[in-house]
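Asker: What follows is each chain in one-letter form.
There are 4 protein chains.
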Amino acid sequence: MTHTVAILGASGYTGAELVRLIATHPSLSIAALSADRKAGMEMAEVFPHLRHLDLPKLVKIEEIDFAGIDMVFCALPHATSQAVIKELPDHVKIVDLSADFRLRDPAEYEKWYGKPHSAPELQKQAVYGLTEFYRDDIRNARLVAGTGCNAATGQFALRPLIGAGVIDIDDIIVDLKAGASGAGRSLKEHLLFSEMFENVKGYSLGGTHRHLGEFDQEFSVIAGRPVNIQFTPHLIPATRGILVTCYLKGDPEAVHQTLASAYEEEVFVEVLPLGQAPAMKDIRGSNFVHIGVAGDRLSGRATVIAVLDNLTKGSSGQAIQNANLMLGLPETEGLMLAPLYP
Amino acid sequence: MTHTVAILGASGYTGAELVRLIATHPSLSIAALSADRKAGMEMAEVFPHLRHLDLPKLVKIEEIDFAGIDMVFCALPHATSQAVIKELPDHVKIVDLSADFRLRDPAEYEKWYGKPHSAPELQKQAVYGLTEFYRDDIRNARLVAGTGCNAATGQFALRPLIGAGVIDIDDIIVDLKAGASGAGRSLKEHLLFSEMFENVKGYSLGGTHRHLGEFDQEFSVIAGRPVNIQFTPHLIPATRGILVTCYLKGDPEAVHQTLASAYEEEVFVEVLPLGQAPAMKDIRGSNFVHIGVAGDRLSGRATVIAVLDNLTKGSSGQAIQNANLMLGLPETEGLMLAPLYP
Amino acid sequence: MTHTVAILGASGYTGAELVRLIATHPSLSIAALSADRKAGMEMAEVFPHLRHLDLPKLVKIEEIDFAGIDMVFCALPHATSQAVIKELPDHVKIVDLSADFRLRDPAEYEKWYGKPHSAPELQKQAVYGLTEFYRDDIRNARLVAGTGCNAATGQFALRPLIGAGVIDIDDIIVDLKAGASGAGRSLKEHLLFSEMFENVKGYSLGGTHRHLGEFDQEFSVIAGRPVNIQFTPHLIPATRGILVTCYLKGDPEAVHQTLASAYEEEVFVEVLPLGQAPAMKDIRGSNFVHIGVAGDRLSGRATVIAVLDNLTKGSSGQAIQNANLMLGLPETEGLMLAPLYP
Amino acid sequence: MTHTVAILGASGYTGAELVRLIATHPSLSIAALSADRKAGMEMAEVFPHLRHLDLPKLVKIEEIDFAGIDMVFCALPHATSQAVIKELPDHVKIVDLSADFRLRDPAEYEKWYGKPHSAPELQKQAVYGLTEFYRDDIRNARLVAGTGCNAATGQFALRPLIGAGVIDIDDIIVDLKAGASGAGRSLKEHLLFSEMFENVKGYSLGGTHRHLGEFDQEFSVIAGRPVNIQFTPHLIPATRGILVTCYLKGDPEAVHQTLASAYEEEVFVEVLPLGQAPAMKDIRGSNFVHIGVAGDRLSGRATVIAVLDNLTKGSSGQAIQNANLMLGLPETEGLMLAPLYP
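Top line first, the protein sequences correspond to chains S, Z, L and F. In terms of our numbering, the first sequence is residues 1 to 342. In terms of our numbering, the second sequence is residues 1 to 342. In terms of our numbering, the third sequence is residues 1 to 342. In terms of our numbering, the fourth sequence is residues 1 to 342.
Read the hints as simulated data drawn from the structure, not as lab findings. Built from N, CA and C at the ideal position, the CB exists for glycine as well. Misleading hints may appear alongside valid ones.
Sample of chain Z residues lacking proximity to chain F, with all beta carbon distances greater than 12 Å (derived) [as the list claims (entries may be wrong)]:
(1) Ala83
(2) Glu108
(3) Phe133
(4) Ala238
Listed next, the in silico DSSO-like pairs over lysine-lysine satisfying Cα-Cα at most 30 Å (straight line) [unchecked claim]:
(5) Lys188(L) to Lys57(S)
(6) Lys60(Z) to Lys188(F)
(7) Lys57(F) to Lys38(F)
(8) Lys249(F) to Lys188(Z)
(9) Lys249(S) to Lys111(F)
(10) Lys188(L) to Lys57(L)
(11) Lys249(L) to Lys111(Z)
(12) Lys57(F) to Lys188(Z)
(13) Lys188(S) to Lys57(L)
(14) Lys188(F) to Lys57(Z)
(15) Lys38(S) to Lys60(S)
(16) Lys124(L) to Lys60(L)
(17) Lys38(Z) to Lys57(F)
(18) Lys111(L) to Lys249(Z)
(19) Lys188(S) to Lys60(L)
(20) Lys188(S) to Lys124(L)
(21) Lys111(S) to Lys38(F)
(22) Lys38(Z) to Lys57(Z)
(23) Lys188(Z) to Lys60(F)
(24) Lys38(S) to Lys188(L)
(25) Lys188(Z) to Lys38(F)
(26) Lys111(L) to Lys57(L)
(27) Lys249(L) to Lys249(Z)
(28) Lys38(S) to Lys188(S)
(29) Lys188(Z) to Lys57(Z)
(30) Lys60(S) to Lys249(L)
(31) Lys249(L) to Lys188(S)
(32) Lys249(S) to Lys249(F)
(33) Lys38(L) to Lys93(L)
(34) Lys93(L) to Lys60(L)
Using the sequences provided together with the hints, build the complete structure.
Answerer: Set out below in structure tokens:
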């Protein structure tokens, strides 16, 4: 049985990635694509790599007849998302790829995003979309909030460790390296080729990155008390991919064992043998996460490195994984594409 | 029904690309993988991006029991290929990705590759593997010779034009830009990151590139008389992808019309509206070819630009397209993966 | 003796490149820097790589006291340049890096740039700034028009050949590959890292690129009759550098000999031995031009490949070379920096 | 007065970088270049970007007449260096760019490099070449040991802090990102363009990187007791440049103040205002170091980020800075080249 989907905000990279994945998904069919400023254009004009597909024209959201839509992927900018989702008819299920429904506490939302939440009642229904950890809730949810791509990467490295008590949760340091596509197709000077090429730069220094709101929320729930990590993201000259290097106080073998056990049954998460380093390119274009653990010459120190593709497992792949659960489909359907290498 | 395949030379990029594509192919199953120097290793050690797959260990060719194999993909180096294929049992079908069986005339082979052909009798059976133009022969072939990746790109741009007589076939100029992966995983100084980065360089200047043997053979057959193009390849700082810019004497509208008609029914070949330029990235990781045509301020000049991914449509994707035909499967099976963008 | 200079439009890449070069120039001293929207900022805020230099603050042009200025480098956008230069006091010498004074014929200017020239009387005084060919005129000029960076590259390859009559001037094809920085620091979607990475694309197809106006003007003067080349530029994933591949009808040895003789005494132009290919990276960050010539298996065909750095020899380095002449300094002063490799 | 220099091992990247810098150095002149396997070749064949220079041919070391040489730059592989330097005549001064003389304690050398030191008596004379901290000793030295490029970057960030006691020296974490050129021009699979492009990977995990020997030695001397940092290097898709992110326990304002004071008089070290992040590209091709400091939402945490170009300030630029001192020249002579941007 085929389920019809609408993608709102289809002219951005996460929108294009949803179309890419749905193109070979056996049970999903694209019925509508919206893009505000590009309404009226063919998708092939905005993304010529999709020209072989038979896709609906881009329209404004208000032109979409949601009566025939089962699932909405909402890839709109933050804040816009809330306003749009509030108006969607009850029968549609929704995976939101924005930040709008990630933080359960409206005060936290306001703190990190600088304005009050305009749909706090919807926020209550929303399930945090880190599939491997919220699977049962997602199955029954109407609205799932896709995670931040950086937040997802760090959580795959750290959640089981915080839960198992094998690391000092008051001294967690996460150094993140991310490619450009996480920032979307927006016209910003620092995202120009001439600026990024042959460059690396830290940004959102000092604990100011918004994804810390997600880390705080999730890790504190797991630990049963506040957990606040130290986190520095860096922009690197690559398009897709995130690599986190986590510096932890804990026994490396216990850390490795905990992660290996936690993900033993998980199709999309691979824990490498102790001492091996994952490479960012090894998961490019796929829904996989690779995690490596190493000890140190200093006893009691463990380094955990995790990689994922921000556009796939970090957003659009995750979204489809969640949609599969919400629609009663096999969780991995359409998502077993192998990484593109080299 | 599942067909079993063996990949000989699985530790190179075309081998890895075959595995990537077969991973989501519904009717092919990998029964054996060979790699001479890396025999005994797991594929995941050689290509960690494939670690989620359940693959046979790498072995030496002589360890493979071909009794249970339906199809052999031979991704061995030139010259080695001939020697190995000669010894394969009669029941297996073969797609050879090397240059060994591309040139029908043994004298031409010797001219371009510098030594006599060691399996000239097999050469007679071999079908040239440019699927869109040899479809019927391929269906009935036991041995198909995969084309050169550069040769494939140029032929998609030029074959219909030479056949239709809409261009001056004595003045065809092909300027080619290719990424690094076409040269494989070999350790050569000019393929180092530090050398290629921020660099562009022409190579095989003066009509010395071996793929000219294929161009000559194919174009002369079409024209019914010798056709010798002028061809300069350039190495560019990219991994996957080839773009050819063909400078032609002919009417641009006739050129465009000829190409549009020729490929109208072809699933994998997209001819853009007249005046539009294809981008190399628009077909990355896919089996698609995009072709654009432009006129010029100088009347009677046409520029044809074509792009494909050297590892997919230029070698491993083409190989599977041919294998599909040889095994009686739908030609596009397993090959409809959308390009990875960005 | 030190000459004082002002750089108008210092917040773009050519402005930054002028500052880089003047930083180690023994006879030039920067007295003023202008940037309209960024007036009031320190140069180190706009270009942190220049923070070690003691530079004047960015100001609006009208704030500059030109009384103490000997030389103005005008790196303003096209059209703005004309308006500003008209108002400069008579005692200042000017090197203009925009397109405003490159075309001698106002009708040609209007044809290629879409509006009438607003300073046609100044245009008459302007000398075309390709130093190696206009050296004497430049020495005595008040206003020199920097060349287009693409136009400069093609002219280094072709001028001596057109002059010597060793090629068919009615069949000149120039295939150009250029990095991103030639397009400046402007916010355009196709210049984003995520778009350019792993991409190659032709642009201004069909003889529509504005630098054709320069080619036409210069080549026609040399030949004494109209010469119109065929020209296709491509954007490649690199920051600095231009490589042109010129497909010519002519004897390769005569072509090589002509170029070798023409540039024998030129410090900045290196002609490689016949058959060798220049690499774009070999001149990065320098004022050098490398030129290679190859024959072909087709007799009577010659391929000329030339490379230069668009920001150095293609604009700011050329500007300083011209300024040196205009100020009576040694032509190479401050310009002998070796290329940065790798 | 001009001093004559010989570069041993001139066919690698540090050799080429020495030539680039000496090309515009007013007091140094290259009298001999050695390269073992490439002896007999012109430097322009090995590095065509240097073809405009009038350089001696590459020879074997034994062919060099050291009688006329004042200064030897030894850019040979580790271990080879010791053997060669032992045999040099007494009158030559030497800057060694290998690891051979960096570790004062022969036992430490053997521990990190896996074999006994073969010139322990010379080791006693050698001065550690981090100019800003060993200036006086370097002035009087015959043999200076160039530092590891990674070790240099980390030391610029940390030395003043360890000396001032403003951070917890038992909990120093250094996350390093480095481009490919630090690994030289060696043919290794992981250095291929196709492998590095779009990739990031940690290496030498667990405290096994040899540059830790330098960190341990230097920091322990400053602290007066053992200091052992935690250090994870990552290879990133760039050619030149190193960025370290140091996670420290200490007051950010004290940290910033300590660094700002320490480097106040240093020409080549720029400390940015508190809270600003340095970018790797901002020092490319130059001898400058940029350092930034940020606080954190967690009190008592400071992050220090430092960048330098591994081939310039991290090896060849540093070598010339030291040679200047050893020869009685101004320390900055020939080294004030501005960074290449973009």
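Asker: Hint by hint, say whether it matches the structure.
Answerer: Against the structure, the hints come out as follows:
no.: 1; hint: Ala83; verdict: holds, 26 Å
no.: 2; hint: Glu108; verdict: holds, 30 Å
no.: 3; hint: Phe133; verdict: holds, 29 Å
no.: 4; hint: Ala238; verdict: violated, 8 Å
no.: 5; hint: Lys188(L) to Lys57(S); verdict: holds, 24 Å
no.: 6; hint: Lys60(Z) to Lys188(F); verdict: holds, 24 Å
no.: 7; hint: Lys57(F) to Lys38(F); verdict: holds, 10 Å
no.: 8; hint: Lys249(F) to Lys188(Z); verdict: violated, 45 Å
no.: 9; hint: Lys249(S) to Lys111(F); verdict: holds, 26 Å
no.: 10; hint: Lys188(L) to Lys57(L); verdict: holds, 27 Å
no.: 11; hint: Lys249(L) to Lys111(Z); verdict: holds, 26 Å
no.: 12; hint: Lys57(F) to Lys188(Z); verdict: holds, 24 Å
no.: 13; hint: Lys188(S) to Lys57(L); verdict: holds, 24 Å
no.: 14; hint: Lys188(F) to Lys57(Z); verdict: holds, 24 Å
no.: 15; hint: Lys38(S) to Lys60(S); verdict: holds, 8 Å
no.: 16; hint: Lys124(L) to Lys60(L); verdict: holds, 28 Å
no.: 17; hint: Lys38(Z) to Lys57(F); verdict: violated, 41 Å
no.: 18; hint: Lys111(L) to Lys249(Z); verdict: holds, 26 Å
no.: 19; hint: Lys188(S) to Lys60(L); verdict: holds, 24 Å
no.: 20; hint: Lys188(S) to Lys124(L); verdict: violated, 40 Å
no.: 21; hint: Lys111(S) to Lys38(F); verdict: violated, 63 Å
no.: 22; hint: Lys38(Z) to Lys57(Z); verdict: holds, 10 Å
no.: 23; hint: Lys188(Z) to Lys60(F); verdict: holds, 24 Å
no.: 24; hint: Lys38(S) to Lys188(L); verdict: holds, 16 Å
no.: 25; hint: Lys188(Z) to Lys38(F); verdict: holds, 16 Å
no.: 26; hint: Lys111(L) to Lys57(L); verdict: violated, 38 Å
no.: 27; hint: Lys249(L) to Lys249(Z); verdict: holds, 14 Å
no.: 28; hint: Lys38(S) to Lys188(S); verdict: holds, 19 Å
no.: 29; hint: Lys188(Z) to Lys57(Z); verdict: holds, 27 Å
no.: 30; hint: Lys60(S) to Lys249(L); verdict: violated, 54 Å
no.: 31; hint: Lys249(L) to Lys188(S); verdict: violated, 45 Å
no.: 32; hint: Lys249(S) to Lys249(F); verdict: holds, 14 Å
no.: 33; hint: Lys38(L) to Lys93(L); verdict: holds, 25 Å
no.: 34; hint: Lys93(L) to Lys60(L); verdict: holds, 19 Å
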